[in-house]
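Mind docking chains V and L on chain G? Use the hints.
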Amino acid sequence: MAGPAKDTKITQEQVALTPAEMAKDLLVTFLLALAILGPLVGLRTTSGSGTLILEYRPLWAFGMVAAVVAVRLLSLLYGMGKMAAQGRAAPQTAALATAKAKTAIDWGKFLAPTLLVLAVALPFIAMLFPQMERRIVDLGILVLTYVMLGWGLNVVVGLAGLLDLGYVAFYAVGAYSYGLLATRYFPAWFGEGILPWAFFVTLPIAGILAALWGMILGFPVLRLRGDYLAIVTLAFGEIIRIVLINWMDFTGGPNGVSGIPRPSFFGLPFDDSPGGFAATFGLSPKPIQRIVFLYYVILVLALITNYVTMKLRKLPIGRAWEALREDEIACRSLGINTTNTKLTAFAIGAMFAGFAGSFFATRQGFISPESFNFLESATILAIVVLGGLGSQIGVVAAAVVIVGFFEVFREMNFLKAILPEGFDPVQLRMLAVGLAMVLIMRWKPRGLVTSRDPTVYLKEKKAVSADLVGEGHG
Amino acid sequence: MEYFLQQLINGITLGSIYGLIAIGYTMVYGIIGMINFAHGDVFMVGGFVSVIALIMFGITGGGGVFITLLALILVVLIAMIIAAAFNWTIERLAYRPLRGSFRLAPLISAIGMSIVLQEFVRVAQGGRPKPLQPIVTGGMEIMKRTSENGEFVVRLSNMQIIIVITTLILMAIFTAIITRTSLGRAQRACEQDMKMASLLGIDVDKTISITFIIGAALAAVAGLMFFLYYGVTDFYVGFLAGIKAFTAAVLGGIGSLPGAMLGGIIIGLIETFWSAYFTVEYKDVAAFAMLAAVLIFMPQGILGRPEVEKV
Amino acid sequence: MSTFPLNPLLRVEHLTMRFGGLVAINDLSFQAGRNDITALIGPNGAGKTTVFNCITGFYKPTEGMITLSHDDGGDFMLERMDDFRIARTAKVARTFQNIRLFSGMTVLENLMVAQHNTLMKASGFTLGGIFNAPGYKAAHRDAVDKARHWLETISLIDRADDPAGELPYGDQRRLEIARAMCTNPRLLCLDEPAAGLNPRESDLLNRLLLSIKNDHKIAILLIEHDMSVVMGISDHIVVLDYGQKIAQGTPDEVRNNHAVIRAYLGVEESEEDTVAEVEAIVEEAVHQPIEREQGAAPLGNEDLPVMTTGAVRSTARTAAKTATPARKPAARKTKPVAKKSARPVARKAARKTAKKGGRT
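Protein chains in written order, with numbering that gives the first Met the number 0: chain G, 0 to 473; chain V, 0 to 310; chain L, 0 to 359.
Only chain G is shown next, with the shape it has when bound in the complex:
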């Protein structure tokens, strides 16, 4: 399709502004801000006396417009100051970038084990803060779930270069596989006795089912590339969600599936029963024990995901994925069956999402279609892209950043002081995530980690600068 010429980099306004030009710029900013914020912020529609009425909030509108203009003024002044200080920045060459990338590897070598130790020790660290213990471990679980999903999607998007906007569908398949099997079918087939083991029995089944769906949905879209692939995968994701909502008999519809069995410690339930976990190990039963166990479950699942992905990268299949991302036609000329290669990428990515979905179901105890909407897919994709395509450590960093964004807004109680009565700052959460996606792309379009680690070397392992790495076409 008619893509833009890649190298048409439009130079930004680098010329110093005269006061008149600056005034004009500010006037335009003012008018735009007025148009954008004026009606939607200043005139709020509320329902009153049977019809819609307007609630006027001029102070809010003008306050925000003034803030926008002020920010623009500051950025103009800052931009001019910066320009005067350093002149034009020298363009970075690919070779220089590679040299830089090399140090990134050394840095990563040190960082990964540190993070691992930190991750393993987290529940113990949390114990030092008794009143926050539960929150810290919960947060750890949330971050690790996103890390695992990010790593899974990284196989599809980062390695194979296939843009998937419907990844959450496989997460849903995993969650519903566990939810439905454990609540409906297992008790009927094997009796209640299976329930403590249900999670461990279902985990592989959920993974296989999700992988199967990955192949089913992957097959028709093999020929598509770029944005078209993205939009079709989005459509498939939505189709699965709509089916989950409407197929009342099977999925429970919008009400979802509830009463999903919680995991046991390999057969020992987390309760105060005599055969329970606490009693067996001579501990006093506490709810935190289950949370900590869940934390380690997701940690192990995530580490398996990472290990398998790293291993696959060094195997022919993984190299074929990356070659596919670089140049599909060249792959075919070398006798690589690109259909199978793409399908394995879809299937393996989907399998990890299936595992994560099962975990999600057992952790929540309740699932509904609303947990698997497009925003979730977008968030996972944002984590992968922000992390830097193909970079495992980047995904961790990005997951921390994004989930951190989610959480920061829970804590912003001071915002309540300036926000209108009864307005919860959590409301602003997704708005901030959206803004963050835009701003981060402007700041680092290639993500946080912009180097590629070669899978095989003769003498010396040199990282490849992301400027050379292909971005995939499908």
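Simulated from the structure, these hints should not be mistaken for lab results. Idealized CB from N, CA, C, for every residue including glycine. One should not assume that every hint holds.
[As the list claims (entries may be wrong)] Partner residues are not named here, just some residues of chain V that face chain G (Cβ under 8 Å, in silico):
1. Q6
2. M33
3. F47
4. M55
5. I114
6. F245
7. F287
8. I295
Here is chains V and L on its own, set in the frame of chain G:
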């Protein structure tokens, strides 16, 4: 037969609205090769601004046909200006700095913008649907059949007439702009080869900005009409309508204005007939399945140019 | 005309390829000998790359048969096979006009990807590889050794761990050939391997191709505009113009063929007697003494203009390509109908410009 006719009328009306949104997608995709994910939300913003203006002017449709029509034109102009301001700013902030960079970056940025718009409207205007009593009422009976089951009347409402006529007029105007004016020429040149166009003295930035403005203006018109037709709107309507309109753009052949319109009408008909003859719940599945089928089996669309794989 | 090679490796029979209304190849038949270098030459747009794309399965020919027969008697009907199967089972490898390396992967990785199918089998379709099966480890070592051998052959061993995208142009061309060779081909199709190479590099290329031919006993099919390469190493030359074969034979035969000269110069039948005149004009236009002083091409006087006009025309075409984006085939589509009639005119015009350019 009567039922079929009624659905045909409804489908064409809905399709006209999709077609207007689709033009924004098709023009932007044609010129910078990206899906403006936020376009559906600009449509939603256009609808919201219209609602606000309607209430502010106190338009209830009670003041006579002429006054109502005049007021609606005023409202639509306001909505167009504000939606254009939105889309222009989005392009400036989220897309232009990323032009020519890593391919996924603009897509992520666009998804981010889509989230920002939805959330902005949700926070500023509240998450509940906004219903308003119908403003354009009345219509005509085309056909009437009385049977033992009662009587079935095929109606063509005034609103439907307005929607179809407005769409036709806008189509005519914008086709003329694209094919006859220097702006249209610049646009087509940028579509072919942006670099060459800029070498030949075309202001590429300006052309792209204008493309976004035109797309937004049309989406705003669609936003108002969508609201008047259904009588309700919320912050989320842009997502689904946007995807359907994108399907329409691809179905018609991306980059083609008449194609977008044709695609819109086909999608509108499919959705309406699916709801009428099968299940309402799965009408969106029908639209999505259509999208997938079109992209997979005829990615060049009905009026688009086929592409041969370059080796 | 020379005789057909006996027991050919590749037989192309009545190959026709149409894109919509455009006839890119029209009833083309030729053969490639078992251990020969066969060159496919012709003006730009003659359909050479399309022939390659048909042989390697990237395009499905509209009509015709392409048969490849291995030494052990296995016959492959290439027109019916998928592109990757042609590479995998029929053992046809190729390079591309615009180099298609995996630029974000290292030089070594490029050569490892080329051995995908062998390694895939050895890794037990990944399952064995995951658990470090010894069979896979050995296969992996062999693959690295083979890559090392090829890197030594093309003297890129010192750059094995650098990204392929960072190599200079000439090295990239040779790496692409080495990568194709890593698939153990019986037939190697090279699309303009000497394009953009300087004389020293194209000399290196000549030697590389000859050594591949002699040491590995494979056949090479070559598209090339650089006559020093074509005339220097080919055993057999097939000349295409507008999708049709206009001549074939040994380098000497082709060099003296009038149809070939006509194709490159663009002279109408009636103008045949003006060939000499045209040659004079062109020689003047391109300052032939420079060309002759270089003496790179082992050609007689007769042939020089052939080369030079070819060069002139190709630049003109390249310029045209940059002006109208080559992205959409629509640009090419207008050609076929108008082609035959419009072309001599265009050529005359080109000649005129050449004339002007030469005189001013």
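Unmet hints by their number, sorted upward, for this structure: 1
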